[in-house]
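Number of protein chains: 2
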Amino acid sequence: MVYIKLTRRQEEIIDIVKKYQPITSEQIAEKLGLTRAALRPDLTILTMTGILEARPKVGYVYSKKGEDTFKYRSIKEIRVSEIKSKPTVVSENTSIYDAIIQLFINDTGTLFVENKGFLTGAVSRKDFLKVTLGNTDIHKVPVGIIMTRMPNIITVTDDDSVYEAARKIIEHEVDSIPVVEKVKNEDGKEMFKITGKVSKTTITKLFVELGKD
Amino acid sequence: MVYIKLTRRQEEIIDIVKKYQPITSEQIAEKLGLTRAALRPDLTILTMTGILEARPKVGYVYSKKGEDTFKYRSIKEIRVSEIKSKPTVVSENTSIYDAIIQLFINDTGTLFVENKGFLTGAVSRKDFLKVTLGNTDIHKVPVGIIMTRMPNIITVTDDDSVYEAARKIIEHEVDSIPVVEKVKNEDGKEMFKITGKVSKTTITKLFVELGKD
Numbered sequence: 001m002v003y004i005k006l007t008r009r010q011e012e013i014i015d016i017v018k019k020y021q022p023i024t025s026e027q028i029a030e031k032l033g034l035t036r037a038a039l040r041p042d043l044t045i046l047t048m049t050g051i052l053e054a055r056p057k058v059g060y061v062y063s064k065k066g067e068d069t070f071k072y073r074s075i076k077e078i079r080v081s082e083i084k085s086k087p088t089v090v091s092e093n094t095s096i097y098d099a100i101i102q103l104f105i106n107d108t109g110t111l112f113v114e115n116k117g118f119l120t121g122a123v124s125r126k127d128f129l130k131v132t133l134g135n136t137d138i139h140k141v142p143v144g145i146i147m148t149r150m151p152n153i154i155t156v157t158d159d160d161s162v163y164e165a166a167r168k169i170i171e172h173e174v175d176s177i178p179v180v181e182k183v184k185n186e187d188g189k190e191m192f193k194i195t196g197k198v199s200k201t202t203i204t205k206l207f208v209e210l211g212k213d
Numbered sequence: 001m002v003y004i005k006l007t008r009r010q011e012e013i014i015d016i017v018k019k020y021q022p023i024t025s026e027q028i029a030e031k032l033g034l035t036r037a038a039l040r041p042d043l044t045i046l047t048m049t050g051i052l053e054a055r056p057k058v059g060y061v062y063s064k065k066g067e068d069t070f071k072y073r074s075i076k077e078i079r080v081s082e083i084k085s086k087p088t089v090v091s092e093n094t095s096i097y098d099a100i101i102q103l104f105i106n107d108t109g110t111l112f113v114e115n116k117g118f119l120t121g122a123v124s125r126k127d128f129l130k131v132t133l134g135n136t137d138i139h140k141v142p143v144g145i146i147m148t149r150m151p152n153i154i155t156v157t158d159d160d161s162v163y164e165a166a167r168k169i170i171e172h173e174v175d176s177i178p179v180v181e182k183v184k185n186e187d188g189k190e191m192f193k194i195t196g197k198v199s200k201t202t203i204t205k206l207f208v209e210l211g212k213d
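Just so you know, the protein sequences line up as chains A and B, in that order. Everything in the first sequence is counted per full-length UniProt numbering, starting at 1 for the first residue and increasing by one. Everything in the second sequence is counted per full-length UniProt numbering, starting at 1 for the first residue and increasing by one.
I should point out that these hints are in silico values taken from the structure, not numbers from a laboratory. Be aware that one or more of the hints could be misleading.
One copy or two, either will do: identical chains are not told apart, so a pair holds if it fits within one copy or between any two.
What the hints assert, rightly or not - Straight line, CA to CA, 25 Å or less: simulated DSS-like cross-link-like pairs of lysine-lysine:
no., residue 1, residue 2
1, K212, K130
2, K31, K57
3, K193, K57
4, K86, K168
5, K76, K205
6, K57, K18
Just need the whole structure built from these sequences, with the hints factored in.
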């Protein structure tokens, strides 16, 4: 397999076909002010990729095949909203012990912490392991004491690319980042509502998905 | 960007160009018993992808650009040997406490365990967290007691694809798998020497690498 970047003219052809399908190569050429011969290489590429389908005696149609899968999209075009997974959320006053139980029950690596419905922190397996080594009374001390607190949490939103999420995970050396929606609270302050997460597991699953034929 | 799968004829053209470069389209057409016109769409695709370069008045040459990067390779073609990272290895009689220290020092999620130079087990952050919650004396009990023991360790070898490694990580719900070399011990028994690891972090880093333009 090889990757190619579509030219602007090829993108234009796709738009024309989407709008006027079925459409013949003569009609496409006319709309672009080109000869059929000049258009031929572009149409070859667009049919080879499965983006357009050439129906004999009918013309070109746009193929949903290319749209519904990740196959014809670069990694940068896949959005967080398409692949985010369900976050495990606890409240700030949950005891460390109960939080660890949640971690095991949900088989997750990172817990996100909320207060009054807004994201306030995150705790990882590593944070928990560190605290269990010490003398902390994990049955009494709440998770709010040991969590990483906002604004020190790296976040993404639904519209960010998965590439961007993966880049942040690597750059900030975390296992998982929350997907948030930005809202104003009663005092007009910007707050974050958590709507999902992207973790190294999410990325690895996507990698496997992209690798399937 | 879009992906396309090269046709057998396009693969043949690449082989011909590699062997006889620089070579004109007439000469390629002749070798394949085709007309130049029949060949034109293939040559367009191969130059668009950067695999071939068309030099005016000289002919087609093969471009190294396409060979040296991941860009023109599918996920299934990338080998474990190209991206594996360094594993953190401890011996079976290391205490759980000392092993956890190694985990933090090396900032890793999984330790691999050896005995007499051969891989015998693996311990994850999750295993350690479970044991620190209990009454185990982590200063006295060796890591060999709590580790997952061979043959229950999923492994890959240098020649496996990264896709295969990622698939195993997801299927067996582990964070990291060891890369091994199979050797016979003195008794002729098949044993594994650890030469690296592939983790969800490795895959996420590769994902970021592939996403760069």
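Okay, the hints, checked on the actual structure:
| no. | hint | in the structure |
| --- | --- | --- |
| 1 | K212 - K130 | neither (39 Å within a copy, 35 Å between copies) |
| 2 | K31 - K57 | within (19 Å within a copy, 33 Å between copies) |
| 3 | K193 - K57 | neither (54 Å within a copy, 62 Å between copies) |
| 4 | K86 - K168 | both (19 Å within a copy, 22 Å between copies) |
| 5 | K76 - K205 | both (16 Å within a copy, 14 Å between copies) |
| 6 | K57 - K18 | within (18 Å within a copy, 39 Å between copies) |
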